[in-house]
Each structure stands twice: as C-alpha cells, then as structure tokens.
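Asker: Take a look at the letters that make up each chain.
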Amino acid sequence: MAANSADKFSVLLPTYNERENLPLVVWLLVRIFQESGNNFEIIIIDDGSPDGTQDVAKQLEKIYGPDKILLRPRPRKLGLGTAYIHGMKHATGNFIVIMDADLSHHPKFIPEFIRKQKEGNFDIVSGTRYKGNGGVYGWDLKRKLISRGANFITQVLLRPGASDLTGSFRLYRKEVLQKLMEKCVSKGYVFQMEMIVRARQLGYTIGEVPISFVDRVYGESKLGGNEIVSFLKGLLTLFATT
Amino acid sequence: MTKLGQWLCGFALLGSAWAALALAPPGLQLPTPFRQALLPLPVYLLVTFGCYSLATVGYRLATFNDCEEAAAELQEQISAARADLSRRGLRF
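Residue numbers (UniProt numbering), protein chains in the order written: chain A, 1 to 242; chain B, 1 to 92.
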C-alpha cells in the first residue's frame, strides 16, 4: 500500500494498570505500521500505575527506540481528557489515533481508518461497533441490550450523524483534536460523545469504519447502575446544551 | 439552537396546532369525525413511537455481530507477540 511519506500517525495510549496488555498492543501497533509503511510514533501516557506498567513501557522503549515509543507518564490518575491533551503536546504526527490499550481495540483497523480518511478527506474517522460487520465479543445479552438501548436514545435525542458515539477508537487530524479538546467538558463515555457532537457543530466531517471490540474482562461488570445514571445525566446535559 | 430547543419548538408548534384544531370553540370546529380522530392523536403517536423504539432496539440487539473470529485471531497473535517479545529481551 502506497504511503504518503508526509503523513505521520501519533498513537495516544493512556494506560492504567496495563502491564499485561501494553507490550502486546505495542507489538501489534509496530507490526501493523511497519507492514503498511506509514510513519508513526506511540505515546504512552501512564497515570502512575502501581502494577509496573511503566517498567514494561521502559523496556518497550529500549526494544523499539525512543523515536517510536514515547513515554510521557503522569503521577496519578488524572482522567482521559487531560491524558489526550498531555499526549498531544508531545505528538509530532499530523494525525492522532486514540484507542484503548487493553486489546479491546485491534490495531489492524488503523490502516482501514487511514484508507477511509484519504477516501473522503475526513477530519475524523470513527470506529463503529454498530454498522457493517462491526461487532463485539464477550458481551452477554444484558450488556448488548444496554448498549443498543443507550445508543438508540442517543440517536433520537442528539441525531449525531455517527452510529457509535461512545466508541473511543478514532483517527483525528491533529488540529481537529486540539480544537475539540478545547471545547469539550464532559467525562467518561459522555466525553467521547461530546467530541462527535461538537465536531458536527464545528462542521468537521466524520467517516466510519466497522470495528470489532473484543472484551476480555470476563465476569467483571464494567457497567453498573452508577455508570448508567451518569451516562444518562451526561446525555441530557448534551441534549440541553448543544 | 440546542437540541432541547428544537424539541421544545417542535412540540410547541405541533401542540398548538393540535390544540387549535381539537379544542376549538363550537363555532369553528371541524366535522365530528376529524375531531374524534384528532383528540387522541398525541397518545397514538406516543404509542407508535414506543412500538417503533422496541422494534428497532430489538432488531439491533438480535443482529448485533459476535466477533468470534476476531477473538480467536487475537489469542493467536497474543501468543506470537509474547514469543517474539521474549526473544527481544522483554521480561514480562
């Protein structure tokens, strides 16, 4: 695949207790980018993980080189939004990829994001679990129902023009992400939703690529009543303010 | 205008149109059949929307793809990654 040598892709990996998964996701990222011939860097923003994530990150920096693996840690858990801002300060690419570091997002989709971006000259390319052959693995019926239900309510209320609002596997033009970070104020799932809503308000174009989301955290309920309540509060806030 | 604003405007417009037509004073009323259909219309629309919602969410739930192959492929790649990284000197 012909690569535009002027483009560089900065992958932002906020991590917290990802000692097990970080080497694996970095290995996959390096392989994917080397195969596709694109210029890249991986910025690891660890929030003071107590499980030794930073040790593993330092080893990866030695193996792959400090020009490809950039360690930009923070002293403690300071939130995803600020992790992106912090990471972007050190990013030398003109495109930013944001994704989860726990292998729920597979780097193999990044070349597809890049292809889609070129195809439509999009400002943002968002991975979607809800369209095409996108999907999930490891979710029970209840989890899927909550997901589809929440997405339906979001579509009705916000009419966002994107099928997967709470997804966090996306490619942004760097200046677009910077602009959006200035404007977004929410936290958690709602933060990802707000990015898309604000992007539409500002007239940015959004392309979509189906992705598979592999949830390996079996048995651990990541979606409790509290999360649902705060999601709804955040959704209603966006409904009333955007 | 915010989405909430749009919804309020929409409801205000439709609501006042409905009220004007359905609750008009005797002199300005539409023929009886029309009024009989118009009065419960908001409730009918609500019920229709409720059915549409259930059907849509139900359909999307049933057609939610399960990525079996992706999970299997990932497992293989994890093994390959661990082997290669050990070779390169990573201490897990």
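Hints listed in this document are in silico derivations from the structure and should not be mistaken for laboratory results. Quantities reported herein were computed from a predicted structural model and do not represent experimental measurements. Treat the hints loosely; a few may be bogus.
Capping the alpha-carbon separation at 20 Å, the derived lysine to aspartate or glutamate pairs in EDC-like fashion look like this [unchecked claim]:
hint : chain 1 : residue 1 : chain 2 : residue 2
1    : A       : Lys144    : B       : Glu76
2    : A       : Lys77     : B       : Glu68
3    : A       : Lys131    : B       : Glu69
4    : A       : Lys131    : B       : Asp84
5    : A       : Lys108    : B       : Glu73
Asker: Tell me if the straight-line CA distance from A/Lys108 to B/Glu73 falls inside 20 Å.
Answerer: Holds. A/Lys108 to B/Glu73 sits at ~11 Å (cutoff 20 Å).
Asker: Need the status of pair A/Lys131, B/Asp84: alpha-carbon distance at most 20 Å?
Answerer: Not OK: A/Lys131 and B/Asp84 at ~34 Å, beyond 20 Å, violated.
Asker: Going straight from one Cα to the other, do A/Lys77 and B/Glu68 come out at no more than 20 Å?
Answerer: Distance ~33 Å between A/Lys77 and B/Glu68 Cα, so the pair is violated.
Asker: Please work out if A/Lys144 and B/Glu76 have their alpha carbons no farther apart than 20 Å.
Answerer: Roughly 26 Å separates the two Cα atoms, so the pair is violated.
Asker: Could you grab the alpha-carbon distance between A/Lys131 and B/Glu69 and see if it respects the 20 Å cut-off?
Answerer: holds (17 Å)
The structure is inconsistent with the numbered hints 1, 2, 4, although it conforms to all the rest.
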